[in-house]
Amino acid sequence: MRHVLVYVNLVFLLLLASCTGKSTTTASVNDACIRVENGQFVLNGNPYYFIGTNFWYGPLLGSQGVFGDRDRLIRELDFLKEKGVNNLRVLVGADGPNGVPSKVMPSLQESPGHYEQSVFDGLDFFMSELAKRDMHAVLYLHNTWEWSGGYAQYLNWAGYGPVPVPSVAGWDAFKDYVSKYFECDSCQQIFKNHITTVLSRTNFYNKRKYTEDPAILSWQIANEPRPMGSGNKDAYAAWIKDIAAHIKSLDKNHLVSTGSEGEAGSEEDFDLYARVHADPNIDYLTMHIWPKNWGWLDSKDIPGTLNRAIENTAAYMNKHIALADSLRKPITLEEFGMPRDSHKYELSDPTTSRDTYYSYIFERVLESVRTNGTLAGCNFWAWGGYARPRTDHVYWQVGDDYMGDPAQEEQGLNSVFDTDSTVQVIKNYTISMRQIMDAAK
1 MRHVLVYVNL
11 VFLLLLASCT
21 GKSTTTASVN
31 DACIRVENGQ
41 FVLNGNPYYF
51 IGTNFWYGPL
61 LGSQGVFGDR
71 DRLIRELDFL
81 KEKGVNNLRV
91 LVGADGPNGV
101 PSKVMPSLQE
111 SPGHYEQSVF
121 DGLDFFMSEL
131 AKRDMHAVLY
141 LHNTWEWSGG
151 YAQYLNWAGY
161 GPVPVPSVAG
171 WDAFKDYVSK
181 YFECDSCQQI
191 FKNHITTVLS
201 RTNFYNKRKY
211 TEDPAILSWQ
221 IANEPRPMGS
231 GNKDAYAAWI
241 KDIAAHIKSL
251 DKNHLVSTGS
261 EGEAGSEEDF
271 DLYARVHADP
281 NIDYLTMHIW
291 PKNWGWLDSK
301 DIPGTLNRAI
311 ENTAAYMNKH
321 IALADSLRKP
331 ITLEEFGMPR
341 DSHKYELSDP
351 TTSRDTYYSY
361 IFERVLESVR
371 TNGTLAGCNF
381 WAWGGYARPR
391 TDHVYWQVGD
401 DYMGDPAQEE
411 QGLNSVFDTD
421 STVQVIKNYT
431 ISMRQIMDAA
441 K
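Per this note's numbering, the sequence shown starts with residue 1, numbered consecutively.
Some hints here could point you the wrong way.
Heads up, simulated EDC-like pairs for lysine to aspartate or glutamate below, C-alpha to C-alpha not over 16 angstroms straight-line [stated by the list, open to error]:
#1 K344 / D301
#2 K83 / D418
#3 K344 / D298
#4 K209 / D121
#5 K319 / D269
#6 K132 / D78
#7 K319 / D271
#8 K241 / D185
#9 K300 / D341
#10 K427 / D185
#11 K241 / D279
#12 K248 / E212
#13 K180 / D234
#14 K427 / E82
#15 K344 / D392
#16 K344 / D279
#17 K81 / D134
#18 K427 / D355
#19 K233 / D176
#20 K300 / E267
#21 K300 / D349
#22 K192 / D242
#23 K233 / D271
#24 K292 / E410
#25 K252 / D298
#26 K292 / D341
#27 K292 / E409
#28 K292 / D269
#29 K207 / D121
#30 K344 / E409
#31 K319 / E263
#32 K83 / D420
#33 K233 / E267
#34 K233 / E183
#35 K83 / D134
#36 K248 / E267
The set of hints was computed from the structure by calculation and includes no laboratory data.
Just need the whole structure built from these sequences, with the hints factored in.
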């Protein structure tokens, strides 16, 4: 009988130690992963909320290959940790050949199934450094947009012809091209093979399997996945469902998310957004908000149109949070950004409006912490840190610092740099969040 009791107790402890998306799934040897319970993220038995950032280029800094800078990476992570930023949304790696206009480099997957190992090594180093600091990452695997390859690169690999770069060929040509993605069976197979390769990896530095790494909050299907055409809605929903199931078949320990902007990324079809996120393999909801891009903010009068942007932001958040409440799943605002006051790219341009806008978002997260709400956190776009924009050109060129703005955007457009007043705003709110969470324990 004693042996039976020991066995039962061991099974019970293993279940408690489960690192799973749902608390009722099979046991895991890893007891430190974030899971979902009753509409909240839970870590080590406590609710998990965060104020984080987008740091898409972190693994590139971690590389020992071209453009890598491990010293800077360590400084950036230490700086963010000291400010209370402990959740980073990160690109696993770019796809396709290097040297393409408007695309970040170097690529991870240079051609289907062929990888630049120094970039993979950079991802390993980055993840090992996160673990040392008790930080977490959302790792996105794909992209709608061309700046990391995205849908277009997979279509090119599948024989659909040259990619029409939006900055060269125009938006309509690009949209028409990528709208074919969901009819491309070989594209889906290449992507599934890529997912399998990434999730089957063991970190060179800490020897952890990626499927057992507690520093991963979730695998994300794509950055801003969109149907790219009203006729693709059903195919898009089926694709999300299929890819989410594929990820779960490989990794039962981690959460899965879409990376969706919300209604704005769903052909303005909120029912489509709701349908996609009701899938049981999608563990939480995501939303993005871009006041300038969506016409809520006048770039020529940012201070004068700020209140309108905040009002529209509130309405957008409320609508999506209400859906999260009904689904009993957490939701994160994982992208939001704003230019500097005069829409310049120099650090001398103040960030007063940005600081006010960020404060509104952070207040919403704090209120959710106080009330055990489903709004689980936010990731501002994006961290620029110790990088500095060049004064002799606007767009990224070989040799420039990596910063929060990808290659297709003006460098310094939305980046938050280490000397910006925004940094103190962030720290003030992370301190307040920690105080609330500690008091609730």
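Taking 16 angstroms as the top limit, are the C-alpha atoms of K248 and E212 close enough? Given that 16 angstroms is the threshold and the Cα spacing comes to 13 angstroms, the pair holds.
For K300 and D341, compute the direct alpha-carbon distance and say whether it is at most 16 angstroms. 9 angstroms, holds
Quick one, are K319 and D271 close enough, alpha carbons at most 16 angstroms? 12 angstroms, holds
Given hint D298 paired with K344 - CA-CA distance at most 16 angstroms: The hint holds at about 14 angstroms.
Hinted pair, alpha-carbon criterion (16 angstroms max): K300, D349. Please report holds or violated. Holds. K300 to D349 sits at ~14 angstroms (cutoff 16 angstroms).
Going straight from one Cα to the other, do K207 and D121 come out at no more than 16 angstroms? 12 angstroms, holds
Taken at face value, is the distance from the CA of D134 to the CA of K83 at most 16 angstroms? OK: K83 and D134 at ~14 angstroms, within 16 angstroms.
For the pair we were handed, K233 and D176, check the Cα-Cα distance against 16 angstroms. 15 angstroms, holds
With the threshold set at 16 angstroms, check whether the alpha-carbon distance from K344 to D392 stays at or below it. 14 angstroms, holds
Can you confirm whether the C-alpha distance between K344 and D279 stays at or below 16 angstroms? Violated - the C-alpha atoms of D279 and K344 are around 42 angstroms apart, more than 16 angstroms.
Between the alpha carbons of K292 and E410, is the straight-line distance 16 angstroms or under? 14 angstroms, holds
Holds or violated: K292 to D269, with C-alpha atoms at most 16 angstroms apart: Since the Cα atoms of K292 and D269 sit roughly 21 angstroms apart, the hinted pair is violated (cutoff 16 angstroms).
Taken one by one, the earlier hints fail for this structure at numbers 10, 16, 20, 25, 28 and 36, listed in ascending order.
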